[in-house]
Amino acid sequence: MSEFTEAMAQLAGGVAVVTVRDGRDDLGTTVSGLLSVSLEPPLVLVSLAGRGYLHEVLLRRDRWAASLLSAGQAAVASRFATPGRPSARLLVAGLPHHRGAHTEALVVEGGVAALEAETTQVVPAGDHTLFIAAVLGVTYVDSSLQPLVRLRGRYRPV
1 MSEFTEAMAQ
11 LAGGVAVVTV
21 RDGRDDLGTT
31 VSGLLSVSLE
41 PPLVLVSLAG
51 RGYLHEVLLR
61 RDRWAASLLS
71 AGQAAVASRF
81 ATPGRPSARL
91 LVAGLPHHRG
101 AHTEALVVEG
111 GVAALEAETT
121 QVVPAGDHTL
131 FIAAVLGVTY
141 VDSSLQPLVR
151 LRGRYRPV
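Note that this note's numbering has the sequence shown beginning at 1, numbered continuously upward.
Simulated from the structure, these hints should not be mistaken for lab results.
One or more hints might be untrue.
Claimed, not checked - Label-pair ranges, simulated between beta-carbon atoms: (1) Gly-126 x Gly-94: 34 to 42 angstroms; (2) Asp-142 x Val-37: 30 to 38 angstroms; (3) Glu-118 x Arg-152: 28 to 36 angstroms; (4) Ser-144 x Glu-6: 28 to 36 angstroms.
Ideal Cβ positions, reconstructed from N, Cα and C, are used throughout, including at glycine.
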């Protein structure tokens with residue numbers, strides 16, 4: 001682990017699952033690089049590694065969903081962090097979920113919140129790409145649950 005990677009691992013980040021519908025297929029991945037950019041208009045940013053298949057799909061599919069996971073969903077985060085290209089439909093098998101009204105992307109239920117977004121700007125940034133997106137809708141918010149965070153390489157409750 002590089003000194004830079006170790007330093008950044010000291011910063012806790014919220015954990016989300018980003019999903020997109022690509023024709024007949026669904027894709028998704030776990031991210032800890034999702035943040036609010038603006039309140040007016042509501043904008044979010046997700047940072048994805050530039051070499052992944054989801055990155056490739058998001059370059060051609062603008063609409064996607066983000067499910068902000070709760071402390072009890074570490075197993076969900078691990079499922080979506082699996083290397084390779086498993087279909088998101090397989091990854092949500094047995095989990096409460098639905099399709100987003102604005103994006104048709106899979107939305108995982110039971111998290112602290114979920115939103116749907118449409119990419120408005122794509123910014124290359126080193127070995128990652130930043131997808132800045134307008135929020136199309138907030139699917140749900142459950143402030144009674146604690147969020148899941150990633151800190152020092154592990155998923156942890158707050």
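Right, here's what the structure says about each hint:
no. : hint                                  : verdict
1   : Gly-126 x Gly-94: 34 to 42 angstroms  : holds (37 angstroms)
2   : Asp-142 x Val-37: 30 to 38 angstroms  : violated (23 angstroms)
3   : Glu-118 x Arg-152: 28 to 36 angstroms : holds (34 angstroms)
4   : Ser-144 x Glu-6: 28 to 36 angstroms   : holds (35 angstroms)
Of the hints listed earlier, the one the structure fails to meet is number 2.
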